[in-house]
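**Q** Input sequences plus hints: build the corresponding full structure.
Letter by letter, the chains look like this.
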Amino acid sequence: MMHAVWLIPALPLAGFLILLATGRKLGDPKAGYLATAMMVGSFIVAVGVFFDLMGMPGEERRFEQDLFSWMAVGGLDVHVGFLVDPLSVTMALFVTGVGALIHLYSVGYMHGDERYPTFFVYLNLFAFSMLMLVLADSFLLTFLGWEGVGACSYFLISFWFERPTAATAGKKAFVVNRVGDFGFMLAMFLIFATFGSLNYVPVLEEAGTLAKGTASAIALLLFVGAVGKSAQLPLYVWLPDAMEGPTPVSALIHAATMVTAGVFLMVRVNPILDMAPGVLTIIATIGCLTAFFAATIACAQNDIKKVLAYSTVSQLGYMFLAVGSGAYIAAIFHMVTHAFFKALLFLGAGSVIHGMHDEQDMKRMGALRKWMPITSGTFIVGWLAIAGVPPFSGFWSKDDILLGAWEKNRLLWLIGLITALMTAYYMSRQVFLVFYGGERWKKADSRTPAEAHGEPDHEPAATVGAAGDHGAHGDFKPHESPGTMAAPLVVLAALAAVAGILKSPLEHWLEPVLAHPHHFTSPSGTKLGLILVTTVAALAGVGIAYLIWMRRRVKEGAVEPEVLRRAWYVDELYQKVVEAPARAFANFSAFFVDAKVIDGTVNGVGALVRAGGSRLRTVQSGFVRNYALAVAVGAVAILAYAVARSA
Amino acid sequence: MSESLPILTLLILVPVLGAAVVACLPKGNEGLLKAVGVTFAGIALALSVALVFDYRADGGGFQFMSEHVWVRSFGISWKLGVDGISLFLVGLTGVLFPLAILGPEVHRDVKGYVAWMLLLEAGCMGVFLSLDLFLFFLFWELVLVPMYFLIGGWGYDRRIYATLKFFLYTMVGSALMLVGILAVVFLHQQATGQLTFDVITLAEEQSLASSTARWLFLAFAASFAIKVPIFPVHTWLPDAHTEAPTGGSVILAGIMLKLGTYGFLRFGLYMFPQAAVDLAPLFLTLGTIGIIYGAVVATMQRDLKRLVAYSSVAHLGFIVLGIFGLSQQGLEGGVIQMVNHGISTGALFFLVGMIYERRHTRQIAELGGIQRVAPVFAGVFMLVMLSSIGLPGLNGFVGEFLVLIGTFVTRRWWAVVATAGVILAALYLLWAYQRVFHGRAEGANATFPEMTMRERAIMAPLVALIVFLGVYPQPVLDRIAPSVRELITHVEEHSDYRQPAVAAGAGER
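Chains as they are written, first to last, in the working numbering: chain A, 1 to 647; chain B, 1001 to 1509.
Careful: at least some of the hints might be erroneous.
As the list claims (entries may be wrong) - Incomplete in silico selection of chain A near chain B, CB under 10 Å:
1) I44
2) G48
3) L76
4) P164
5) R178
6) F182
7) S216
8) N603
Just so you know, the hints here were simulated from the structure itself, not pulled from any lab data.
On a predicted model such as this, the values are computed, not experimentally measured, just so you know.
The C-beta atom is built at its ideal place from N, Cα and C for all residues, glycine as well.
**A** Below, the structure written as structure tokens:
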């Protein structure tokens, strides 16, 4: 099976090409099933490759497959080839696994959309790019996947491009990511200038010889790339807006897979990071602050998807906190559990939106557990997992991260702990608002359906073909989603519940990938104490939310200050500090510098020449002939002069 | 292809012959005129494809040479040759001309249009193939005349202003270059006693004093810089591109800008290596400014065609950077970027032309929502746009990346600033795409017709090349490599420049 590794990305690529050619003919739902089949096939191959790799002795678990030369120029030699090792196989497994489930879910979710086949064209292309990213044997090929997933993310965020907000959000994601790519590209240049190669194996094997300055520069530049792709401070702003895309996209791309690419990259280059301890501290700090900052915002959002979006930013911050603490395996562990529970939560949210006929405001939901038993049951599992309630998966992975942070820096640990409390709080708030309490959607709704669906926060009518027929909210009943949507929820819920058991196998499995495997050195008493503290924090978060949102002990406005609801005004700030000056500068360049200064000078000279020329002109014979004559006469004169002189 | 067939001469003569035949045909029969034109351009295409396949990849040096003494007393000869640097530019010329003749709607005087196009093709081929300075200059000037008439005769509202400007600019450059050519030739004669316009002899013998060489290099460079165009002598370009008919814009951006960058390689670096090395910081700086400035100015354009025109300033900046960065990667990247820019920007101009045919406007503000009514059109535009942005896997990335990584090794800080250009390219193109294709289609946009079969046939070869050259550029790079290596070695032999070992690669020195 090992030699079939190329099939892992090739199958979704084939799906992309087939659907591009025949998608419209296949239509709804065949196009969706074809795309899903490709992902399932890809997953099966990945499992086969995994078992082959397992069969090899621990330290030798590495396989390289070289397909063809991409760019071999002078000292640069980049091939299209794959590096199969425990890290890339872990990534491939959960990308194809979770990917297949979300493809299946989309078959039902996108049903009735007028661009149904196109959706799966993009989705398969995304899977291909993501798998290239993780399986690549060189930085440059990873960059191909990196940019590919970025482009697909752009396509899918602006999938409902008729809405200006969706189109703008897609563009914003692409451009902000490009800022990160700037770092990634410079890092590659520096790596090539230093090592004469862009291939992972030689570069990472020689990383130990790096000077500290060079290692720090490379690490920092790669981290800039990761900050863009994985939505960390200060480049996270595109991710909340990315919720304009269809919900399966939010689950697959903007929670489970693409946004974790930055974390993957950091772990991939861990031998370089180990040579740059200062950069590790920066990574841990940025990650920790992002986790905290995004969690504060998540506490005050009313849009069901926005809560999850900020939560994703926050959880990604945890992963970077782990990376920065040197706890690389904890980062990957949390990436995997997060993929399960966050994909589950997003898909659950999609199911809710679907069942509520495109309502996304949690304040207009409530008591849905009676109407959507599968959705609410699975969502609750996801909630317990992300909140860190034992024995659900998030508890184990978050605990590892906080342990790593504790050993790195106590302040970072404390912030991480407070964030854990907030996480439990905002997720409980979401669950209570959506699935418990009164049936607020029953209240006579003064809005007309058109208004309800016209708001930018809402999925467009296209998602549910008949949305317009349901009339005002008062008339309808929320309904459970079809089987294609419910089945992935159940599978993901099972995984989110029990993935904690992966903890110790994953540690052994990934150890060969690390240059300096990190072992927690705290005495077991401390470890136990920390586990206890984290658990208490999680339960406290749940408890506070219970008092506020179930018992209603506090007024809503008091815990949802404007500043948090408006996400600390960061978008407004960027608008003022970056966008407006940039626009002014561009206008100045285009309409003053270029049009007036440079072109003005040219035209001025032209006018002068013409003025002089008209006095000298004796024969009015047309411009071109004049010119030809002038050139000929001049040439002959110069020739004659030169010949005469040299003779 | 037999060795005796003078394929390079044919590449020039076939289009000339075509132009002559078209000139003899009656005016009225537009179908016949186009068919004849495409036939001759098609023969040239077949010849250039044969050339690409027959070219010895491992060879280096000039191949398929043909040399006939022309004016013996002045040392002028009909000397043609092709190497890895010109090979794919010839191929690009072969590909774009049939499309430019066949593709756009020609609304008046098809006969004149086709004839001028064929003559222009001959001129472009001649520039890329000439190895004699006199011959080169002849072709260099020859391309101006058809382009002048194409813009003036088939262009849009402000065509007279645009042609005049185009002509004035180029004339200034040409005059300087002519002086440069004659000076080089006669100074060489003074030094060696041999009067010759042969480029190879002049380059290999390096008879000039270094200060003289620098001035003469600048005389050539002025002409090339205007043609490229390099900031700040670029302002003829947006006007000429915008006012030219679609076919003219395609050729102007696709081929004619490359005459300048090709000139820098063939005549700048090759004939004046030390001067090029000494003045490299100047051109690196101007190239980098072009990358950033072109992108910034493009962002604010209200006319879609003008936006694409300014994007050329940015893209050509990368080529200049690659040339003067003097690394194996940078130069190869520069050469392949010339080809890729020709394909992508040519394709963009075709698409903008199709939009204009449908909507009779190029104002971004008047367009909108087209993706909904014409998804295939939008899809093709998107692909071409992503190629222009430099998305890996598509052709545009290859050249841009190689230029930047090579230049980073030799001239680090210029490369760092230039890399910022990748952010801006995404910005101006995606913003334009959003305004033109996203949103709701209203008014005349709601009935925007989908891409016709004929238009798909025009775009298909370009799209295929965009993907192929992005996924598998290696065969092209392999053919460019030996010539670039020889050029760098030549520069090293005749200057104090030494390429870092990282860029050259182990075992190659």
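**Q** For each hint given before, does the structure comply? Return the numbers of the non-compliant ones in rising order.
**A** Numbers 1, 2 and 7, in rising order.
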